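Asker: Sequence:
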Amino acid sequence: MMKIVFLNLLFALLFFDLDVKFTLHNLSNSGPGKIKSEKSKDICGFCHTPHNANPEVPLWGYEISEASYNLYFSPSLDSILEQPGGSSKLCLSCHDGSIALMSTRQNKRSLSKNISGYNGLDLTGSHPISFVIDDSIISQNNKKDMLLKNLKEIKVSFDEKAIKEDNKMECTTCHDPHKNIFPQGDIPFGRIEKFNLLCTSCHIPQVLKHEDRFYLPKECETCHKAHGENSTMLLKEKQQDL
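Converting from the sequence shown to our numbering requires adding 2 to each position, the first position being numbered 1.
Be careful, since some hints might not be right.
What the hints assert, rightly or not - Keeping only pairs whose Cα atoms sit at most 30 Å apart, straight-line, the calculated DSS-like set for lysine-lysine is:
hint	residue 1	residue 2
1	Lys-196	Lys-36
2	Lys-240	Lys-227
3	Lys-240	Lys-181
4	Lys-220	Lys-240
5	Lys-154	Lys-220
Said to hold, decoys possible - Restraint-style ranges between C-beta atoms, simulated for each label pair:
hint	residue 1	residue 2	range
6	His-205	Ile-183	37 to 47 Å
7	Gln-208	Lys-23	37 to 47 Å
8	Lys-227	Pro-52	19 to 29 Å
9	Thr-126	Lys-146	37 to 47 Å
10	Ser-233	Asp-44	16 to 26 Å
Derived by calculation from the structure, the hints in this document are not laboratory data. Remember, predicted model here, so these are calculated numbers, not experimental data. Heads up, the beta-carbon is just placed ideally off N, CA and C, and yes, glycines get one too.
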């Protein structure tokens, strides 16, 4: 049985190799980005390994960060936020800067360069992750007028696979690390091309709450930012200044 599981995972990696080859997550010497290995031709090997993998994640060969993070807070959030886990923990192993880039369990590689998408350990300015999103939580939120679509609608908007880890919102809900389907889109490795469409896959626009709603921009990103804004509701500026 374990042999079958291993082979399935190995074939999946070979399939993903075709997609990731042309993205910035290809850190081999054939990668298109500025940050890449000078010698290694192995595209998958910077994250995955067929042997002696991390026991927590099948075929995961990269070091996993043990860092503790400052988490997002909002009075409208009913889910209990815990330290990032699941696939988000894997993403943060590179993107929080706590582990040398290209440092794997089998080969302690490192590059002294900054990567794009650097988040650090302060996640107070990023959309929350690793929290349960189910119809009970959605119902609690909606009683506060923070309107969310039901879970079935959300899954259809994204992809049934995007919210699968115990119904938790993770980095991989919005981002696909193996594909950059929309290279000219608003979101790096985004599952959806436009920022506005991504937001409204979960959130129901609340235009009527705004006094000047007739002049309100249609795009969410005019006022909000998913990463890097340390403020309630991820606003780019104070509410009175918008």
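Asker: Now, for every hint given, state plainly whether the structure supports it.
Answerer: Hint-by-hint comparison with the structure:
With a C-alpha separation of about 25 Å, the suggested pairing of Lys-196 with Lys-36 holds against the 30 Å cut-off. Annotation: proposed proximity of Lys-240 to Lys-227 holds, straight-line Cα distance about 13 Å (limit 30 Å). Our distance criterion of 30 Å between C-alpha atoms is broken by Lys-240 and Lys-181, whose separation comes to about 35 Å. Note on Lys-220 and Lys-240: the hinted pairing holds, with a Cα-Cα distance of about 19 Å set against a maximum of 30 Å.
Proposed proximity of Lys-154 and Lys-220 is supported: the alpha carbons are some 25 Å apart, at most 30 Å. Distance hint check: the CB atoms of His-205 and Ile-183 are about 22 Å apart, inconsistent with the given range 37 to 47 Å. For the pair Gln-208 and Lys-23, the beta carbons lie near 41 Å from each other, so the given range of 37 to 47 Å is met. Taken as a hint, the range 19 to 29 Å is violated for the pair Lys-227 and Pro-52, whose Cβ atoms sit roughly 39 Å apart.
Range check, Thr-126 to Lys-146: about 20 Å between beta-carbon atoms, so the 37 to 47 Å window is missed. For the hinted restraint 16 to 26 Å between Ser-233 and Asp-44, the CB-CB distance of approximately 41 Å leaves it violated.
Checked against the numbered hints given earlier, the structure breaks hints 3, 6, 8, 9, 10 and satisfies all the rest.
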